[in-house]
Amino acid sequence: MIRFENVKKKFGDTVVLNNISFNIEPGEFIVLIGPSGCGKTTTLKSINRLITPEEGKIFVNGQDISKANPVKLRRKIGYVIQQIGLFPNMTIEQNIGLVPKRLKYSKSEIKKITKDLMEMVDMSYDEYAHKYPTELSGGQQQRIGVLRALAASPPIVLMDEPFGALDPMTRATLQEEIVRLQKKLKKTIVFVTHDMNEALDLADKIIFMEHGEIVQMATPDEMLANPANDLIRDFMRKSSATSDPSNLTAADFMRTNAISVYKKRSIRECTDLMARQHIDSLLIKNDDDTYVGIITIKDVRKHGKSSGSIGEIIPNENITSDAGENAKDAFDKLYNSGDNYVVVLNNDKTIAGIISKTSMATAMADTLWGDMQ
Amino acid sequence: MSFFETYGDRLITAIQVHLCYVLTSVTIGFVVALILGILLSRIPQYAKIIMPILSIFQTIPGIVFIGVLFLYLGMIPATVIIALAVYAIFPVLKNTYTGLLDVKPEYIEAAKGCGMSPLQTLFEVELPLASPSIITGLRMSTIYTVSWAVLAAMIGLGGLGEFIYIGIASNNNELILAGAIPSAIMAIILSLLIDVLGRFIIPKGLRGAK
Ligand SMILES: Nc1ncnc2c1ncn2[C@@H]1O[C@H](COP(=O)(O)OP(=O)(O)OP(=O)(O)O)[C@@H](O)[C@H]1O
Ligand SMILES: [Mg+2]
Chain A
1 MIRFENVKKK
11 FGDTVVLNNI
21 SFNIEPGEFI
31 VLIGPSGCGK
41 TTTLKSINRL
51 ITPEEGKIFV
61 NGQDISKANP
71 VKLRRKIGYV
81 IQQIGLFPNM
91 TIEQNIGLVP
101 KRLKYSKSEI
111 KKITKDLMEM
121 VDMSYDEYAH
131 KYPTELSGGQ
141 QQRIGVLRAL
151 AASPPIVLMD
161 EPFGALDPMT
171 RATLQEEIVR
181 LQKKLKKTIV
191 FVTHDMNEAL
201 DLADKIIFME
211 HGEIVQMATP
221 DEMLANPAND
231 LIRDFMRKSS
241 ATSDPSNLTA
251 ADFMRTNAIS
261 VYKKRSIREC
271 TDLMARQHID
281 SLLIKNDDDT
291 YVGIITIKDV
301 RKHGKSSGSI
311 GEIIPNENIT
321 SDAGENAKDA
331 FDKLYNSGDN
341 YVVVLNNDKT
351 IAGIISKTSM
361 ATAMADTLWG
371 DMQ
Chain B
1 MSFFETYGDR
11 LITAIQVHLC
21 YVLTSVTIGF
31 VVALILGILL
41 SRIPQYAKII
51 MPILSIFQTI
61 PGIVFIGVLF
71 LYLGMIPATV
81 IIALAVYAIF
91 PVLKNTYTGL
101 LDVKPEYIEA
111 AKGCGMSPLQ
121 TLFEVELPLA
131 SPSIITGLRM
141 STIYTVSWAV
151 LAAMIGLGGL
161 GEFIYIGIAS
171 NNNELILAGA
181 IPSAIMAIIL
191 SLLIDVLGRF
201 IIPKGLRGAK
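In the order they appear, the protein sequences are chains A and B. Last residue of the first sequence: 373 in my numbering, with the numbers rising by one and none dropped. Last residue of the second sequence: 210 in my numbering, with the numbers rising by one and none dropped.
Just so you know, the hints here were simulated from the structure itself, not pulled from any lab data.
Here are the computed lysine-lysine pairs in the DSS-like style, where the Cα-Cα straight-line distance is at most 30 Å:
1. 204/B with 101/A
2. 104/A with 104/B
3. 104/A with 204/B
4. 204/B with 111/A
5. 104/B with 111/A
6. 115/A with 187/A
7. 72/A with 8/A
8. 115/A with 204/B
9. 205/A with 57/A
10. 112/A with 204/B
11. 104/B with 131/A
12. 10/A with 104/B
13. 8/A with 104/B
14. 204/B with 107/A
15. 10/A with 48/B
16. 104/B with 76/A
17. 76/A with 104/A
18. 104/B with 115/A
19. 101/A with 104/B
20. 72/A with 104/B
21. 67/A with 104/B
22. 205/A with 76/A
23. 104/A with 187/A
24. 205/A with 67/A
25. 131/A with 204/B
Computed from a predicted structure; not experimentally measured.
Starting from the given sequences, assemble the full structure and let the hints guide the process.
Shown next as structure tokens:
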């Protein structure tokens with residue numbers, strides 16, 4: 001279905017794809033994975049001629065694509081771009097219907113397709129179809145981006161990190177949905193990800209890339225059993241770490257939406273923020289984003305004045321933990337201290353998130369009764 | 001009271017003539033600028049050199065330009081309209097060009113990826129996304145042209161400038177105001193009309209985003 005023969009691509013002097021060759025059978029789900037900048041996006045874009053390699057040949061359906069009409073070629077290949085790229089001047093329905101419209105589908109057909117697809121991802125047609133992309137959340141936009149690629153039921157779909165901005169729940173739903181669709185409609189999918197778990201779950205075959213070369217192309221089982229080099233082993237270990245409780249780190253449990261403010265913000269702004277967010281403390285940070293301490297609403301009351309900046313109030317030294325610290329140690333700290341949460345810090349002392357007693361309880365329930373999410 | 005009795009009819013004619021100059025020359029200038037802007041945006045590497053050269057023309061005083069044209073073409077309305085149209089081009093050209101270049105590459109890539117041809121990409125993605133900027137250019141052009149059209153009177157071709165010149169020559173403040181106030185009002189009304197036009201042209205999804 002898709003065949004690369006010694007494909008080479010340079011940007012200026014840097015070689016981005018170095019003699020890539022592989023073959024994808026019809027109906028296969030291929031996942032491209034590898035560190036950032038290794039050439040995944042470039043490989044993907046070569047397939048629909050958004051990028052033209054200097055050397056080598058690419059065949060789609062037996063046809064040498066350098067001889068194909070790019071516009072026609074692309075209408076047969078669905079494409080989800082890494083930056084989502086929904087057109088802000090078009091409604092959701094117009095975005096999804098873009099390729100079908102080019103292929104002269106009737107209006108009612110387009111509406112039906114849009115409706116069916118949106119239902120598939122739990123978005124109501126009536127509520128969202130006539131909205132504009134900016135009115136949707138990042139996750140919703142990403143779903144629409146995927147639907148747009150599927151709309152004209154192309155036999156091949158290219159997806160560049162399509163689930164990057166999704167919460168784990170939606171991500172899991174969409175992953176299942178994609179696999180189901182692919183099996184049912186026998187689509188050939190080339191899917192780019194950073195996430196080895198996602199690759200292992202989805203792929204018929206994984207292509208692991210590094211520095212513009214293919215390090216290994218294998219089924220998930222093969223790759224798990226015989227990773228070709230240390231980097232792959234590393235990727236695998238990171239992904240399996242999450243399934244072994246003793247390897248869990250503070251970062252795995254923290255909430256990343258903790259609210260923090262710079263020292264220079266005024267006290268009035270900070271109290272407003274607390275009231276609006278229904279919270280009784282704020283994380284305080286320096287101008288360079290490093291963590292200072294926390295200030296509670298009680299501290300503010302004790303301080304008396306509501307003029308001046310929040311930095312004038314002496315912050316509490318809340319307990320902290322490193323993002324990489326063992327989760328159990330972080331929990332112990334939290335349990336033994338009187339504080340309401342642990343502030344999790346990155347290596348550079350910036351705030352990564354917080355672990356509250358609720359996060360702790362959820363984690364325990366998870367291990368007792370399985371995945372609570 | 002007596003002022004309107006004496007000058008009323010002439011004032012109305014002058015407003016009509018003035019408006020006519022503005023509308024014709026802005027329309028011509030706009031179309032030319034839009035086409036030029038689109039063409040230049042297809043060749044940004046050359047446009048980087050061409051745009052500054054074009055902007056030099058902008059700095060030639062209107063009086064000089066209209067005077068030179070007058071020598072070649074004579075005292076006909078085309079002289080005024082050509083001169084004004086040339087000046088109307090630049091703001092629209094600049095805003096069309098930058099508006100098109102400011103369209104994020106991800107949209108153009110997504111459009112290509114969806115199998116849109118370059119022309120479809122231009123008309124359905126790039127121009128709509130650049131439309132707020134283009135409309136701003138049109139507004140600037142129009143407002144400038146209303147004031148430049150005063151120069152028409154310099155070569156005896158009427159418009160509100162007539163009142164201003166006679167007023168200056170005869171030291172009559174009433175006449176100066178009779179030329180200046182309507183042209184100010186004209187500029188305001190036209191720019192309001194362009195806002196309304198913008199409401200139809202600028203895609204809904206872009207409002208508030210810009
Ligand atoms: N248009 C370009 N001009 C110059 N260099 C480029 C261009 N596009 C990509 N590159 C370079 O080519 C290399 C591969 O890029 P590519 O986008 O394929 O990486 P990737 O594997 O998709 O990375 P990521 O996971 O971060 O998306 C990178 O080093 C990148 O900086
Ligand atoms: Mg990429």
